[in-house]
Amino acid sequence: MYKRVEAGWFQRLAWSVLAVGSFGLLVWVPFLYVAIRRGRGADWSAFVSFALYEVGFVSLASLPTGKGEATLGLVVLATLGLAVWLLLGPLFDKVTPRDAMAGMGPAPWPGQGAGNPYLR
6 MYKRVEAGWF QRLAWSVLAV GSFGLLVWVP FLYVAIRRGR GADWSAFVSF ALYEVGFVSL
66 ASLPTGKGEA TLGLVVLATL GLAVWLLLGP LFDKVTPRDA MAGMGPAPWP GQGAGNPYLR
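Residue 6 is where the sequence shown starts when you use this note's numbering, and the numbers rise one by one after that.
Since the hints were made in silico from the structure, they are not lab data.
Treat each hint with caution, since some may be false.
Result set (DMTMM-like, lysine to aspartate or glutamate): computed pairs, CA atoms no more than 25 Å apart in a straight line [what the hints assert, rightly or not]:
1) Lys-99 with Glu-11
2) Lys-99 with Asp-48
3) Lys-8 with Asp-48
4) Lys-8 with Glu-74
Now the in silico label distances, taken between C-beta atoms and shown as ranges [as the list claims (entries may be wrong)]:
5) Glu-11 with Leu-65: 24 to 30 Å
6) Ile-41 with Val-63: 34 to 40 Å
7) Ser-27 with Pro-102: 20 to 26 Å
8) Pro-102 with Leu-77: 16 to 22 Å
9) Trp-90 with Lys-8: 18 to 24 Å
10) Leu-18 with Ser-64: 27 to 33 Å
11) Gly-71 with Pro-102: 50 to 56 Å
12) Leu-65 with Gly-26: 17 to 23 Å
13) Gly-78 with Leu-57: 25 to 31 Å
14) Leu-79 with Lys-99: 28 to 34 Å
15) Ile-41 with Trp-90: 19 to 25 Å
For glycine and all other residues, C-beta sits at the position ideal for the given N, C-alpha and C.
Turn these sequences into a full structure, and let the hints steer you where they fit.
Here's what the structure looks like:
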């Protein structure tokens, strides 16, 4: 069974600010955090894709200036937009309310069996 990674809005905004504030250099960090905590294959693939993006971005940005600068800028904007959308939306699980069990019926008595007709 997979674990849940719950995050409130403040934590989601903090991860988004980290990704955008570092100009995309640390965009892989929140995805590594989620992949380690939750352990799903989809989370690991998201982390690997953003890590490979980072390696490709750094290697392409270090090339001499040329015609591909506008394309590289559009790729950066699209990737950061996707990362912010994932961080603010579907990446984290919704926070479970504290009174989630409040609507449930009363608990059985300590000596009461669960449906055993001989204990009535």
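Going through the hints against the structure:
| no. | hint | result |
| --- | --- | --- |
| 1 | Lys-99 with Glu-11 | holds, 6 Å |
| 2 | Lys-99 with Asp-48 | holds, 16 Å |
| 3 | Lys-8 with Asp-48 | holds, 12 Å |
| 4 | Lys-8 with Glu-74 | violated, 41 Å |
| 5 | Glu-11 with Leu-65: 24 to 30 Å | violated, 36 Å |
| 6 | Ile-41 with Val-63: 34 to 40 Å | violated, 23 Å |
| 7 | Ser-27 with Pro-102: 20 to 26 Å | violated, 33 Å |
| 8 | Pro-102 with Leu-77: 16 to 22 Å | violated, 44 Å |
| 9 | Trp-90 with Lys-8: 18 to 24 Å | holds, 23 Å |
| 10 | Leu-18 with Ser-64: 27 to 33 Å | holds, 30 Å |
| 11 | Gly-71 with Pro-102: 50 to 56 Å | holds, 54 Å |
| 12 | Leu-65 with Gly-26: 17 to 23 Å | holds, 21 Å |
| 13 | Gly-78 with Leu-57: 25 to 31 Å | violated, 19 Å |
| 14 | Leu-79 with Lys-99: 28 to 34 Å | holds, 33 Å |
| 15 | Ile-41 with Trp-90: 19 to 25 Å | holds, 22 Å |
When the structure is compared with the earlier hints, violations turn up for hints 4, 5, 6, 7, 8, 13 and for no others.
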